[in-house]
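The whole structure should be built from the sequences, with the hints applied where relevant.
These are the residues of each chain, in order.
There are 2 protein chains.
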Amino acid sequence: MSFTIQNILIPSDRAYEMVDVQIVDDHIAAVAPNLDPIGTLIDGRNKLLLPGFVNAHTHSSEMWQRGMIPPVPLELWIAELYDFTPLDPEKAYLSAIGTAVETLLSGGTSVVDHLVLIPGQELETIEAAVRAYRQVGIRAFVAPLIQDQALSTGLPSGGANREHDEYVRSTAATLALVQEAVTHYHRPDEGVNILVAPTGIQLCSDALFEGCVELSDRYHLCRHAHLLETKAQQILAQEKYGCSAVEHLKQIGFLGDRTSLAHCVWLDDADIEIMAATKSTVVHNPLSNLRLGSGIAPVLKYRQAGVNVSFGCDGSASNDSQDLLEAIKIGSILHNTTDPDYQNWITPRHAIEMASLGGATGLNLGDQLGSLTVGKKADLIMVDLMNLSLLPRTDPIGLLILGRPVNAISHVWVNGRAVVSDNEVCNVNVDELRQSLFDQSQWNPKRQAPSVAQMELHYRSVMGLSAKPLGYS
Amino acid sequence: MSFTIQNILIPSDRAYEMVDVQIVDDHIAAVAPNLDPIGTLIDGRNKLLLPGFVNAHTHSSEMWQRGMIPPVPLELWIAELYDFTPLDPEKAYLSAIGTAVETLLSGGTSVVDHLVLIPGQELETIEAAVRAYRQVGIRAFVAPLIQDQALSTGLPSGGANREHDEYVRSTAATLALVQEAVTHYHRPDEGVNILVAPTGIQLCSDALFEGCVELSDRYHLCRHAHLLETKAQQILAQEKYGCSAVEHLKQIGFLGDRTSLAHCVWLDDADIEIMAATKSTVVHNPLSNLRLGSGIAPVLKYRQAGVNVSFGCDGSASNDSQDLLEAIKIGSILHNTTDPDYQNWITPRHAIEMASLGGATGLNLGDQLGSLTVGKKADLIMVDLMNLSLLPRTDPIGLLILGRPVNAISHVWVNGRAVVSDNEVCNVNVDELRQSLFDQSQWNPKRQAPSVAQMELHYRSVMGLSAKPLGYS
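Residue numbers (the numbering used here), protein chains in the order written: chain B, 4 to 476; chain X, 4 to 476.
What the hints contain is simulated information worked out from the structure, not anything from laboratory work. Being a predicted model, the structure only gives us computed values, none of them experimental. Misleading hints may appear alongside valid ones.
Because identical chains share one entry, a pair is satisfied inside a single copy or across any pair of copies.
Claimed, not checked - 20 Å max Cα-Cα, derived SDA-like pairs, lysine to any residue:
#1 K379 <-> P36
#2 K234 <-> T341
#3 K282 <-> D271
#4 K304 <-> S247
#5 K304 <-> T340
#6 K304 <-> T281
#7 K282 <-> K304
Right, dumping it as structure tokens:
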């Protein structure tokens, strides 16, 4: 399959140029004005072509709880999340479809799904997500979310003597599960990748991290985890290791150029140096960091230290959407309040590069994805510059990043294959998707949050908040 | 004209109820289950009805520069804005149409347009905006932006002896202009209001403020201004008055329950007490505050002090959109990072009330607008809960505020009149609007920024930044 996009704007050094772009099979074959047309011809007039973005951290099945959990910090939010009835694989399939669709329509060609596994149906959950992503045609990085410690261990003790339940699955069984997922589903050439993805230091033993490193080395897998999302986790790391979480992860060999770490809100300057030295990637999730009150990640410092930064939407229960353009906009402008010197601020062009090449680099694919370079994979998005939300005409990238585009992504290709065409998702019947999501849900469901009630008093105490609990549920 | 919306969800105390809503002429006549249908019947199934929101601060003509100005602080941004070729009234008309359309489609039924006046064509600018808003049918609060000091006076001197040009128009002539606008265009019963709207302490004399107060009292006009958007303005106020800007505005009588003040980022606790005591309203513009690096307004403190807070998009050159739902979402969740106690955080229901009743209160219309109360004006929005971005079903208000709704506002009524119906704007041909905006603009226009070059070295010096200038233009 070959095609030629004719007369399309692409960004050049500090301006734009109009070119033709030839795609042959899965890759970009030529980018220049007035090319000989090959294959199908696509009219690029009044459009902008960009490398596709990476939704570099999400949890697809949280879509079933979006809009539902009140504004509370991560530690209480997650207790509430865990109290919901477990899903079934069919629901996991639908939410993966929904996540892929929203990601595509907001410019994402790749998704990193830190996938919450249904207890007892772990491989079925992974199968459902892989099936969804293959159907939609998005490039998928499925990162089965694993832990080997019970939820209550995720809070600092504050010196209190707390007892914790055993986690339901052993470390060895958990690692065996990941290995099985790799055997069954890891097919990089087909656009489906499995990652090793311990949830983070708050719920994982060193043995689990080290087992993941071993699997990662053996099968050339990328590594993914949450890192220091909240102040409570910073306190917990000191209790647990007597050093920072970053220092500890370095010591046990988890960091590196195949490692991407979601959030990274509570790192200090020494931690940032370690991130740079190990070539680890920060996945910035600005919206969930605000929604959960986690804080503002020191993204300008990361950039100045040479740390690669990409963007994620995070799961829909903590954002609560999968609009990648929203994450890119807020994840850019938010940091202008953290440094009075505007010469350090993220420009719209920086943001595009972080979302595309930064995302690819975090998945160790910077040589194959993330720019309009001849020879790279054709993961491309086309922006309709006649869209009302991008008018009047000024700077196309400024409008796309600093504005609020609505239905502005008209075409998306992944690996040279059309997955969005004329603003329509090619491989999903969206009306049927809507009906399925509607049928399997209800408005204002009665929430049960016994775990929150259990954790709230301890949380308030250890975080130095006054004793009166919220009393919601 | 009467109509009945049948079987529609509305928020009740902590949940939702399904009701019928009767509208007679311009007001809500009844809200209850199973009402006798009167007039046209509208199917409310799978929809949510809310009071319309107020876009409580914008500058419509900035739409011509959206996406264009790089990320720099207000004081340099505004110098660049002023360097653009002045518009003509026909362009001002188009950008007011565009601003109204984007506001309606994101849930706004009222817009406060702090309208930049074309030099020499001031009344024609106001006429163009009023004509646009009457055509679209949005409730309009046109606030002609006035000043009587030259742009360069808006920077603190930092002790330097700086000379300033005279402003092009005298204080008396400026006040006469506002009076003329009131005579010609102030028609509250027809949904068009003129406000007195000095731009702010940075560019206005006491005489101008006092003249505005006098006009406001004589004609019962609301008052509007920018207030302490940046740290530079806080420094300037001390230089100019020897006290805080808020204290000074109180002394000259500008504050009160008809006064709304945009931004309010740099107020201290004493200032906040004055805002509460005078019943003045804060208009929170979170996106421009981030984009310009102005800071994070202390909105949770305002709420705790009992200060009324509403939301604005701000002008499209500093946001760069007029999506009110985006401003409401970010303006809610942003503050979770400013207070570790989540019991103080803004919930989605708070946000709805701030955007509707808070907006109305800031325009001294809290008794007529802003809630689904029998007898109030029928400024209403209907949300399509079958929209993909609001599925699966959970908490409708949580989905609307914390999600990223796309084309989710299906119907809008202002004063009982339909202005959006089945997701289409009733009184504007949007395709023609797009073509007009397209025809009168160009991509990547060459920008001239001589004023920025003049101001940048002084700005960096007085703000304590290193001497190396950005050198863009």
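Results of checking the hints against the structure:
1. In the homo-oligomer, the alpha carbons of K379 and P36 lie at most 20 Å apart inside one protomer (19 Å), although the nearest pairing across protomers, at 60 Å, exceeds that limit.
2. For a Cα distance limit of 20 Å, the shortest separation of K234 from T341 qualifies both inside one copy, at 18 Å, and across copies, at 13 Å.
3. Proximity of K282 to D271 under the C-alpha cut-off of 20 Å is restricted to the intra-copy arrangement: shortest distance 17 Å within a copy versus 42 Å between copies.
4. For the homomeric pair K304 and S247, the shortest alpha-carbon distance inside one copy (18 Å) is at most 20 Å, but the shortest distance between copies (33 Å) is not.
5. For a Cα distance limit of 20 Å, the shortest separation of K304 from T340 qualifies both inside one copy, at 13 Å, and across copies, at 18 Å.
6. In this homomeric assembly, K304 and T281 come within 20 Å of each other (Cα to Cα) only inside a single copy, at 16 Å, whereas the closest approach across copies is 42 Å.
7. For a Cα distance limit of 20 Å, the shortest separation of K282 from K304 inside one copy, 15 Å, qualifies, whereas the shortest one across copies, 41 Å, does not.
Consistency note: the structure conflicts with none of the earlier hints.
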